[in-house]
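Number of protein chains: 4
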Amino acid sequence: MTEKKQIRVTVWNEYLDEQKAPVVSAVYPEGLHKAIADFLNQGSEISARTSIITDPEQGLTEDILANTDVLIWWGHCHHDDVQDHLAKRVVEHVQRGMGIVFLHSAHLSKPFKNLLGTSGCLGWREAGEKTRIWTASPNHPVAQGIPSQFLIEQEEMYSEPFGVPEPETTVFISWFEGGNVFRSGLAYQRDYGKIFYFQPGHEIYPTFFHPTVQKIIVNAVKWVNPVVRIKAHDCPCMEEALEKIGG
Amino acid sequence: MTEKKQIRVTVWNEYLDEQKAPVVSAVYPEGLHKAIADFLNQGSEISARTSIITDPEQGLTEDILANTDVLIWWGHCHHDDVQDHLAKRVVEHVQRGMGIVFLHSAHLSKPFKNLLGTSGCLGWREAGEKTRIWTASPNHPVAQGIPSQFLIEQEEMYSEPFGVPEPETTVFISWFEGGNVFRSGLAYQRDYGKIFYFQPGHEIYPTFFHPTVQKIIVNAVKWVNPVVRIKAHDCPCMEEALEKIGG
Amino acid sequence: MTEKKQIRVTVWNEYLDEQKAPVVSAVYPEGLHKAIADFLNQGSEISARTSIITDPEQGLTEDILANTDVLIWWGHCHHDDVQDHLAKRVVEHVQRGMGIVFLHSAHLSKPFKNLLGTSGCLGWREAGEKTRIWTASPNHPVAQGIPSQFLIEQEEMYSEPFGVPEPETTVFISWFEGGNVFRSGLAYQRDYGKIFYFQPGHEIYPTFFHPTVQKIIVNAVKWVNPVVRIKAHDCPCMEEALEKIGG
Amino acid sequence: MTEKKQIRVTVWNEYLDEQKAPVVSAVYPEGLHKAIADFLNQGSEISARTSIITDPEQGLTEDILANTDVLIWWGHCHHDDVQDHLAKRVVEHVQRGMGIVFLHSAHLSKPFKNLLGTSGCLGWREAGEKTRIWTASPNHPVAQGIPSQFLIEQEEMYSEPFGVPEPETTVFISWFEGGNVFRSGLAYQRDYGKIFYFQPGHEIYPTFFHPTVQKIIVNAVKWVNPVVRIKAHDCPCMEEALEKIGG
Chain W
103 MTEKKQIRVT VWNEYLDEQK APVVSAVYPE GLHKAIADFL NQGSEISART
153 SIITDPEQGL TEDILANTDV LIWWGHCHHD DVQDHLAKRV VEHVQRGMGI
203 VFLHSAHLSK PFKNLLGTSG CLGWREAGEK TRIWTASPNH PVAQGIPSQF
253 LIEQEEMYSE PFGVPEPETT VFISWFEGGN VFRSGLAYQR DYGKIFYFQP
303 GHEIYPTFFH PTVQKIIVNA VKWVNPVVRI KAHDCPCMEE ALEKIGG
Chain G
103 MTEKKQIRVT VWNEYLDEQK APVVSAVYPE GLHKAIADFL NQGSEISART
153 SIITDPEQGL TEDILANTDV LIWWGHCHHD DVQDHLAKRV VEHVQRGMGI
203 VFLHSAHLSK PFKNLLGTSG CLGWREAGEK TRIWTASPNH PVAQGIPSQF
253 LIEQEEMYSE PFGVPEPETT VFISWFEGGN VFRSGLAYQR DYGKIFYFQP
303 GHEIYPTFFH PTVQKIIVNA VKWVNPVVRI KAHDCPCMEE ALEKIGG
Chain P
103 MTEKKQIRVT VWNEYLDEQK APVVSAVYPE GLHKAIADFL NQGSEISART
153 SIITDPEQGL TEDILANTDV LIWWGHCHHD DVQDHLAKRV VEHVQRGMGI
203 VFLHSAHLSK PFKNLLGTSG CLGWREAGEK TRIWTASPNH PVAQGIPSQF
253 LIEQEEMYSE PFGVPEPETT VFISWFEGGN VFRSGLAYQR DYGKIFYFQP
303 GHEIYPTFFH PTVQKIIVNA VKWVNPVVRI KAHDCPCMEE ALEKIGG
Chain F
103 MTEKKQIRVT VWNEYLDEQK APVVSAVYPE GLHKAIADFL NQGSEISART
153 SIITDPEQGL TEDILANTDV LIWWGHCHHD DVQDHLAKRV VEHVQRGMGI
203 VFLHSAHLSK PFKNLLGTSG CLGWREAGEK TRIWTASPNH PVAQGIPSQF
253 LIEQEEMYSE PFGVPEPETT VFISWFEGGN VFRSGLAYQR DYGKIFYFQP
303 GHEIYPTFFH PTVQKIIVNA VKWVNPVVRI KAHDCPCMEE ALEKIGG
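Chains as they are written, first to last, in this note's numbering: chain W, 103 to 349; chain G, 103 to 349; chain P, 103 to 349; chain F, 103 to 349.
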């Protein structure tokens, strides 16, 4: 029997302020990207590497993207520092089939906003409050093995109204202790590419060590993994008609 | 200038157990249907009447439905007592254009289940808890004039997962004190008919006297009011081809 | 390595008028259901059996459905002869996870209408005309290995407007020689169940011997095959609150 | 009674090559934009002006957009000449509520691609062939008064697969003489803004003088006309929690 091909993941992170902030490095000493890649690499189905904004071409070279099945994006304070032509390169790879998983504050990143056509706007509060993530669509592949709800003891709050287009599937909805709700797990498609957004993951909390969060991200990677990936969008001129014209 | 036509609403209710339960009649002495019709009739745009399960043909005669632009449905313990052919009559009127607003426990009524194709299943709890209704889609017609969130002091809790098809628009999402969330305002279309579901409205709470709830129901009536209403679904045989076949 | 579980398919057919009509039996001597089961059984991934309206409980016993992963439905002139409680049984199995593929004239069957909440109405013409099926969503699992378009030399024409709810995905759209178009491959979900509708397959044409049609139906079977299947829809009472109420 | 407010439309056009091409100026002597504005101005409900790429700030000043309820966009060979910051300005006005109608080849314009997150890719052929536009969603506001199908004698062919996200509503689908089909009328929403795409309108054909095409564009203008328009997307920090945290 043939070996099943591993899913090649690249976890992209800014990794600028976090390095300097003790409150972050205490939780993620080698950065969030490293923590995420680590749990993805625990199984045999995924092979994850990392890439950061200070890498050549901001870690988004043509070679990296062409050899990435699924890109995971975490960014926060440096969304605008990502160069336009590199954000566009990411968007076009997604349109040709590369999967993408946007985590937490990536809702204001250039690739998120350009793929969804949205402002990405929402309400927020940093109060270390409890959040309960509810599974709204238990039959969606990203919800497999996830309970009907689970608790994260401390997270940043994100609130509706969330200015995103109505998703293909609302997979998760979050409850926050302070009285807010948020559509926290959303599935989209754009051309050949699948997109998943997941809300938890503020940099000062150990969210990415939570086993249910890890399982959701593994599921998301598998779901956005391309069914088809094309080389280029060529918009073909169909010179020859299939049926006679002006007969 | 010509007078704008009033929207003709029929508010349907079981009105069986409520009559006998002091805890309900204390709040709605003449029944929920009467309270709903009353606030709808306060403006000049809507003309509302009522209809109950003990009326001839369970209040769902062909004449009533043919002269109803928007049907509002409240039912709870007697869903199964609604006769199949009358539920079907309602469904077919909706498919031909009649608008319908399902309130609260109507999620298990026959017309709801047959129009949405769903089990209507959800979690629930009667604990008189606080609920906050959040506006997820502030640009939807049903959300006009509604704040980003509002409080109802006591309501029955309904919880995700809610086994409904992904809606055309998720207009409202509710937060419950006990830790649950629920998609509480959902917009659908079936053939020519528009459908709105709204969660608050348990019979022992004065929810239908809440001004924001009233405004949402008025908005919903206006939104589901038919754009087009056809006489019958005839599935036409198009004998004559527009283009030559076998040329 | 463990053996992958076969998908258990039941192909349901009326098989009444066809038996008597030479124009049908000349093409499908043992019935359409047998022809469909035959090509499904050619690979090792699917195990297909058949069931017809003259079987006990119209071929829709609890035992059959409980042991069916995917039901394929073909019916035409006897939609109304399917008993209501059996149509309901099919609908409830779909809501709990059983996949269903509706072929051709099944758009007026009771399970189709009750799952989609639609009239199922459309225009039609029996003129043996050419149809070209176009792939609108090449990244959908049902379109895998299907060219951007293919020709069927003779088919019954079905035309827009097709009174169905906007689908989760419009996978195929058909061109007809006589000047009509039709959304001919549509993907839906209802609760835990996946639904695929595919238009070609009139009983007097050898459509089900067309290799591309066969591949589409195989793909559809794989796509609707349940991710999750639950035993019952129990709408749980969540007596215990997760968070303190009235604190 | 108060006067109903007119919808303020700006029709944007490149108007570069067309001026020089006799084959275009023979049909639209003052440009397509002028022809479109003319029929929009025939009724009393719409007040249309025009704007072209050689105007100051490419006809897309902040003042123009702030005073435009609905922008109509026609462009073809100069999509890439539209400056990024001006395309972004258009996108942001749409996200805050301005309606937009994309005509024909505008599917490759920057605002279209950035709002829908799509490549905009499709097949095409310039053969002056017949096209029939079918109404798939007769209850959509843009389809009001439009027959179930109508003929345009000569148009450029656009073909599936069309790399757009599944729309909120598929309003029109086109049949082409040469054997192709195309989703030719599509409705979307992004944040507060409504978007309509309509396929017919190649520059060498008198399509914009076709009364049914004109009615569709008038309907589209009315449908995308903002329900709500906000000043800015401010993503509010909700410092004060509604409910007590850490109680």
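Treat each hint with caution, since some may be false.
[To be verified] If you want a taste of the chain F side facing chain P, the calculated C-beta under 10 Å gives, among others: (1) G199; (2) P243; (3) Q251; (4) L253; (5) Q256; (6) F264; (7) E268; (8) P269; (9) T272; (10) S276; (11) E279; (12) V283; (13) Q316; (14) I332; (15) K333; (16) A334.
If you're looking for bench data, these hints aren't it; they were derived computationally from the structure.
The model shown is predicted, which means the values in this text are computed figures rather than measured ones.
The C-beta atom is built at its ideal place from N, Cα and C for all residues, glycine as well.
message: Of all the hints numbered above, which does this structure not satisfy? Sort the numbers upward.
response: 1, 2, 5, 13, 14, 15, 16
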